[in-house]
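Residue numbers (the UniProt record's numbering), protein chains in the order written: chain A, 1 to 388; chain B, 1 to 388.
Be careful, since some hints might not be right.
For identical chains, the list gives no copy identity; a pair is met inside one copy or between any two copies.
[Stated by the list, open to error] Simulated crosslink set (PhoX-like; lysine-lysine; CA at most 25 Å straight-line): (1) K252 / K262; (2) K262 / K283; (3) K80 / K283; (4) K225 / K31; (5) K252 / K91; (6) K36 / K374; (7) K95 / K241; (8) K262 / K225.
Quick caveat, the hints were computed from the structure, so don't treat them as lab data.
There are 2 protein chains.
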Amino acid sequence: MSGTFVIAQGGGPTAVINQTMVGAALEVRRKHPGAKVLGSIHGVRGIRDGNYVDLSAIPEEQLRLIAGTPSAALGSTRDKPDAAYCELVLKGLQKVGADAFIYIGGNDTSGTQQILTDAADGKIAFVHAPKTIDNDLVENDHVPGFISAAEFVAGAFLSVDLDFRALPGIYVAIVMGRHAGFLTAASAAWRLDGDSGPHLIYVPERAFSTERFIEDVRSTLDRHKRCIVAVSEGVSTADGKALVESLVPPEKLERDQHGNVKLSGSDLTAALEHALAEGLPGKRARVDALGYMPRGYVGAINAVDAREAFDAGAFAVTVAGEGGGSVAVTYDGDKTVLKKVPLASVAGKTRHMPDDFMQPDANQLSEKGMAYLKRLVPEKYKVGKPFV
Amino acid sequence: MSGTFVIAQGGGPTAVINQTMVGAALEVRRKHPGAKVLGSIHGVRGIRDGNYVDLSAIPEEQLRLIAGTPSAALGSTRDKPDAAYCELVLKGLQKVGADAFIYIGGNDTSGTQQILTDAADGKIAFVHAPKTIDNDLVENDHVPGFISAAEFVAGAFLSVDLDFRALPGIYVAIVMGRHAGFLTAASAAWRLDGDSGPHLIYVPERAFSTERFIEDVRSTLDRHKRCIVAVSEGVSTADGKALVESLVPPEKLERDQHGNVKLSGSDLTAALEHALAEGLPGKRARVDALGYMPRGYVGAINAVDAREAFDAGAFAVTVAGEGGGSVAVTYDGDKTVLKKVPLASVAGKTRHMPDDFMQPDANQLSEKGMAYLKRLVPEKYKVGKPFV
């Protein structure tokens, strides 16, 4: 394959998505000297509109600098192409003589590659390279981007727990994750001891009840004099409604352009803060959203995550040579192994956090859940136990 | 002085306040072998209640581990003692035979030391060791705790700007700082170039207008296709009301136990998000509070800040030997110099960000403001310029 590779980045950025892009670009340079690598600007939108940067023309040193930079240097998109859009993308790829299209992203991105594969004539290799802080891709042990995000979340909760030891109260942080609780669970990775927060963890895999939540907080305050809580933005009540829908009147709910309720805007934090003020009057309570920090904070780029993301990009070039597919990050009990899996086995599927990662009767991780986290996010900072 | 030193920590924790505590404890050990060092639990409250930890009995290695740990290891307090409370604190100090009381904190803490000095008989040396992420202590060039907090804020805005280059929209982060804009201004410290966010910076030193804000965001979107905004929690409208008071109906305002309006809770973020949705309909907009992260994120402890905080604690022991006073971190044009200043020159005063740190006609830092920040928070991460 000495022709043209197109690379794009889709969905929410991560701290290491540029590693994957540069890993692919440099692997093409190594394996297929003379081949062209076009970076599409803002995902498939750049292919549709003919908007590219020629990555082949950029010095390796500059590419490596970009690899170490968080967020998607090519720009990203939330576009989920339908058949008509895909037709335009295919035409765009043909126009530049693409032999392969490597699209770095999560579930939606792998779905797009599946649609394009089905619509194309087999002359272009479609490759999905995995990326998501949600860690919710099936076939993967963990997904590039998750470890760095998890490290930020673990550090944030370690820090805020120390803060609330000094000045007790209730603290709730909303953590990204629509369908999978992995990132919210990472809040527990660096707990110092049994007294440490987070004391309560709410994940999308389990139904949320505001009444039960208030009771959980109350009994935690009795036990620990403070209460640190991690809540996934995607938690739903037992009727399947997003939490924000159960707390905010319908006419006040913000919606995106697709009509989806905005899960984790300020409405959710405000509604939870008011629920606490009402249920536990007189208690100091604060609800924040960790927001975008976990997915790209420049000070929490994990070295293992960066290397795995780079390697996944390089391996995507191998998969392109084999006709396409999805790159999966697997674990053989000892080390991470990259594998090629069919696009169809990943596309449109969501991996949930296994039920036994949580204790059956408490809002806490099980030993199994902790072991998984500790493997991916081992302790990083030496911290002394406070006197309070 | 070979008797008893009492040390306490007051107000909001910082990433390096334990350095100051341990700096003082180890300096006593070095200078006054045999002296006792009592750490009061939860600020002056521990003195009032006779609740101490004997820091003299703790091995140096363990103390140094605690020094590197963010937040106040002795616990902190928001208590602002009145005359009657101070009387109890004085009795408490006399009961343990205290020769000196070193209280680490900000404005309120120095005020407490002033009251205690006035009420005592001159036999106890009262020392204030400076600490605040707000950087608002007079007589100081900068205050221990600020540099680490500023580094977190600088990194957060660098990161979120990269995120919004990839997926454009409006992003607003509320930054701590009731009266002084230094920490919010730190959001600009690591801008990559003229296109970088934060594009708009609102500090408490300047009156805020919601209408003007919406117009500022609109014109920034025209120019940069995205808009990144830093807002101090303490910004007020021209009538002197806190922003949250101008946006949230009075009956819905949350108040603390002193009746003060809660400046930066979720009400403010939600109100600003709604103001944006109304003023700029259809634009993707997100408002978050950076919350507690800046004051103690374990991954953003600056080494210079840590050293200066430690040295300020050690110097507090010298000041104790000279009868008491406040430790000030000054700058002689070349390096940081610790000085003793009278408590009265610091107590109860607020240092505002100089007006000429901001451009006269724009919500941006001036060259002078940038020079100050760049001196304290030099660039730390190598970042490549994205293609978008």
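Results for each hint:
In this assembly of identical chains, the alpha carbons of K252 and K262 lie at most 25 Å apart whether taken from the same copy (11 Å) or from different copies (23 Å). In this assembly of identical chains, K262 and K283 lie within 25 Å of each other by CA distance solely across copies; the values are 13 Å between and 28 Å within a copy. In this assembly of identical chains, K80 and K283 lie within 25 Å of each other by CA distance solely across copies; the values are 19 Å between and 44 Å within a copy. Taking the closest pair of Cα atoms, K225 and K31 never come within 25 Å of each other, the shortest separation being 60 Å inside a single copy and 38 Å across copies.
Taking CA atoms no more than 25 Å apart as the test, K252 paired with K91 passes in neither setting, with 42 Å inside one copy and 55 Å between copies. Taking identical chains as interchangeable, the C-alpha atoms of K36 and K374 are never at most 25 Å apart, the minima being 41 Å within one chain and 41 Å between chains. In the homo-oligomer, the alpha carbons of K95 and K241 never lie at most 25 Å apart, since the shortest distance is 45 Å inside one protomer and 59 Å across protomers. For a Cα distance limit of 25 Å, the shortest separation of K262 from K225 across copies, 22 Å, qualifies, whereas the shortest one inside one copy, 33 Å, does not.
Hint violations for this structure: numbers 4, 5, 6 and 7, all remaining hints satisfied.
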